[in-house]
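Let chain A serve as the given structure and place chain B on it in line with the hints.
Here is how the chains run, residue by residue.
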Amino acid sequence: MFPFLLRRLIAAVPVLFGVSLLAFSMTHLTPGDPVTIMLGERATAEDVTRLRTELGLDRPLPVQYGTFLVRALRGDLGTSLRSGQPVAREIADRVGATAALTFAAMGVAVVVGVLLGTLAAIQRSPLVDAIIMSVALVGISMPTFWSGLLLILLFALTLGWFPITASGGAGLVLPAVTLGLPAAAVLARLTRSALLEVLGQDFIRTAKSKGVAATGIVARHALRNALIPVVTIVGLQFGNLMAGSVIVESVFARAGIGRFAVNAIMARDLPQVQGIVLFAGVVYVGVNALVDLVYAAIDPRIGVK
Amino acid sequence: MVKKTLHLVLALLTAALVAGTALAQQGGGTLTFAYSEEPDTLDPQRTTTAVTGLIMRYAGDTILTKDLTGAYADGLAEAWEASDGGLTWTFTLKPGVTFHDGTPLDAEAVRASIQRALAPETQSPIAGSLFAPVTDIEVVDARTFRITLETPFAPFLDNLTDPRGAIVQAAAAAEMGTEFGRRPVTSGPWRIAAWESGERIVLERNDAYAWGPSYTRADAPSIGRIEFRIVPEAATRVAAFEAGEAQVVTPFPVTDVPRFLGDDRFQMVSFLRKGVGRFMELNVLVAPFDDVRVRRALNHAVDASIMVDVVLEGRGIQAYGVLPPSIWGYWEGMEDYAPKYDPETALALLAEAGWTRDGSGPLRKDGEALTFTLLSPPFDDAVRTAQIAQQQFAEIGIDMTIETIEFGTLLARVKEGTHQANLMGYTYTNPDIVHLWFHSSNIGTGLAHSHFDSPELDALIERSRTETDDDARLATYAEIQRFISDQALWVPFWINDNYIGTNASLVGAVVHPDGFLLLNDATLD
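Chains as they are written, first to last, in numbering that gives the first Met the number 0: chain A, 0 to 304; chain B, 0 to 524.
Note that these hints are calculated values from the structure, not bench results.
Backbone N, C-alpha and C fix where the C-beta goes; we use that ideal spot for every residue, glycine too.
Hints are supplied without guarantee of correctness; some may be wrong.
[Claimed, not checked] Computed, partial: chain A to chain B, Cβ under 10 Å:
| id | residue |
| --- | --- |
| 1 | 155 |
| 2 | 156 |
| 3 | 252 |
| 4 | 261 |
[Said to hold, decoys possible] Covered by chain B, per the in silico footprint, the following chain A stretches (three or more residues, Cβ under 8 Å):
| id | stretch |
| --- | --- |
| 5 | 82-94 |
| 6 | 238-251 |
[What the hints assert, rightly or not] Straight-line distance between alpha carbons at most 20 Å, and here's what the computed EDC-like set of lysine to aspartate or glutamate pairs gives:
| id | chain 1 | residue 1 | chain 2 | residue 2 |
| --- | --- | --- | --- | --- |
| 7 | B | 93 | B | 77 |
| 8 | B | 364 | B | 290 |
| 9 | B | 414 | A | 196 |
| 10 | B | 364 | B | 302 |
| 11 | B | 414 | A | 32 |
| 12 | A | 207 | A | 196 |
| 13 | B | 414 | A | 45 |
| 14 | B | 93 | B | 73 |
| 15 | B | 339 | B | 351 |
So that you can see chain A by itself, here it is in the shape it has in the complex (with noise of 0.2 Å):
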């Protein structure tokens, strides 16, 4: 397991590297002067110049670039153009948001999404079949913004269930359902078909053949043979819940690294952006190694070569 995990390690790094090179050449290549912006319409030719060179843009990029890979190296991801704040530290004040998000939009997915499946492929109702089915279809289709809004305007204003811009428990309810119910219906759908490739397995008709009951056939064999691939999509599914975070935390108002990204975009904070591109990469990448590792562990005709 050991070499299997270094070795991810080390391919992980070329991969940041590009990472690093991206967030860095993009933020450069985007038109939008964030001196300019900074300063509003009043700056003149000498407050722009002036400030340019405080800020250190006017050196040459491959000298700004180098500054920045160095300094990220040791973990520090520079100073805000905005705020003054060190950009790490703004990192993590709302990495905790976005986890929590994640995680509990995780936690709807599997659960939604692994209930439906099974219910859609158990049941003998070809009706009840295209009727979950349909409803996971629009589950994938409709976009977050939308459907955080419907679910706000049901909920929050109609019965009145949930606040719609509190930070605690009953606050994370309609953001996690809202970013969760399209990871749920992908895993759904996926449920369902892997089941029922399962069902129609000669083992499921041996243990039928033994007496075993509906259910325990379903829960005890079939669903563990079933989960194997929906495991490796949920993992896949977590860098697409990051992304949607950007959407749903600006629709409920959460403070995440999402909607963090989205400002410092809008107002050019480059440091910002980079430090942001930088950790969403890192962590995307280390989710992903741990996916392969999960995978390797459930299923061992895979094996950790």
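Same frame as chain A, but now just chain B:
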């Protein structure tokens, strides 16, 4: 028995009355704003965001303020006086003022604060320019200080009322470094208690407050806490407002206003924007707008009342000049003076300039059609305004192309001066905005996108800055407005109404002429 009961009732009534008075005195409660953006920093001298200005209205004190009529009034200073023809200003501070950390706010503290705003290492984007005309600050005694300006500069008093010019505890700022941006030390009726990143900024009442402006109560306000909840999505702000999670939304999204009008759980207060919402700037360096007759023809070709109906859904007024009626200095005669919608006059002016058409075909001069490109920022109201203008120009044979580009890029391009026309909008507190839009020193650097270089207009604008007599200044501003209208440097379109939504539980809040809620005398039910 009866007597006993009566006594009991009286005793209860008295108790209730006493309790009620005590409650009213103590007040309290939390007032929550749902606001779109998070501040960059709460240090008023380093901020570029509007929200920090708004928060400083509650947490900070400026040297002067404006009263509810928009006239200059006392702030930290109770008296002020000009000498040397407006070159030096002497201010007397109110007695006993302290910062939130308990240190005295005296003349020395004011000097330190202004010096910090001006120091290059502060990198102050806005406060630095507010105090830029200052060359010297002299401390006369503990409560008196004298400011000397570079030249007599009438708008200077206005700068002193800007919340970004709030006086800060400079010693604390030096000690705290960037942390000062999270917990600034100022002197207002509320103080910054907490800033939870991305979530909220919490203000708590400053119980020591006793120096409120003369048009409000002097002592500490009734509302105990103010929270600025950061809610970027407009629909969510409105939902939180409707659900009662937030009591104030400012500015309130105009499209949602009708739904709340007539609902007695909420109040919608409106005020005319302090600035022109949308107008077209014409670049005089480039054909066809190097000809004043073409520029005037465009002014006659647009019926902006249609834009007010369609784009603003009636919530606003037509603009006639460069200043709105909501800014001091607006000339009352502007509406009559400005070019009226009249396609015939427009065509006559164009014919004079050599542009003619066959029937309803395009206007041509030497075989070439009258076409131009309008740069528009990618905002919904701008694009719709541009489309209406496009249709109306087409009716008299002018072919206008709309090019929608990102705002920063648009600004860079119009500063260069190779464009033909562009759409803009502005908000400002005083008529000195004409300097930024029209003085030749702002060509290429400021906002003089018409690139109109005229010594005559420059002289008028300079006069408006140095005159200290209000009536003389008003006359100069009227002259400036006529001059710009004669030259048709702009095609003014409309000025929108802004809205603030408040919950009915907020009582006694007043909309200040500068467009914010004055809360010193407000209470929460």
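Does residue 261 of chain A pass the interface check with chain B, least Cβ-Cβ distance below 10 Å? holds (8 Å)
Residue 155 of chain A was flagged as interface toward chain B. Is the shortest Cβ-Cβ separation under 10 Å? With Cβ-Cβ at 6 Å, under 10 Å, it holds.
Below or equal to 20 Å on CA atoms is what counts here, so check residue 414 of chain B against residue 32 of chain A. holds (14 Å)
Are the Cα atoms of residue 414 of chain B and residue 45 of chain A separated by 20 Å or less? Since the Cα atoms of residue 414 of chain B and residue 45 of chain A sit roughly 15 Å apart, the hinted pair holds (cutoff 20 Å).
Could you grab the alpha-carbon distance between residue 93 of chain B and residue 77 of chain B and see if it respects the 20 Å cut-off? Within the cut-off at roughly 5 Å; holds.
CA of residue 364 of chain B to CA of residue 302 of chain B, is that 20 Å or under? violated (25 Å)
Does the interface hint hold: is residue 156 of chain A within less than 10 Å of chain B, judged Cβ to Cβ? Holds: closest Cβ of chain B sits about 6 Å from residue 156 of chain A, inside 10 Å.
Answer holds if the nearest beta-carbon of chain B is closer than 10 Å to that of residue 252 of chain A; otherwise answer violated. Holds, because the Cβ-Cβ distance from residue 252 of chain A to chain B comes to roughly 4 Å (cut-off 10 Å).
Outcome, coverage hint (the stretch 82-94 of chain A, chain B; C-beta under 8 Å; three residues): This one holds; 6 residues, not fewer than the three required, reach chain B with a Cβ under 8 Å.
For the pair supplied as a hint, residue 207 of chain A and residue 196 of chain A, confirm whether the alpha-carbon distance does not exceed 20 Å. Since the Cα atoms of residue 207 of chain A and residue 196 of chain A sit roughly 16 Å apart, the hinted pair holds (cutoff 20 Å).
Sort out whether residue 73 of chain B lies within 20 Å of residue 93 of chain B, counting only the CA atoms. holds (9 Å)
Straight-line Cα separation of residue 364 of chain B and residue 290 of chain B no greater than 20 Å? holds (13 Å)
In the structure shown, a violation is registered for the earlier hints numbered 9 and 10, in ascending order.
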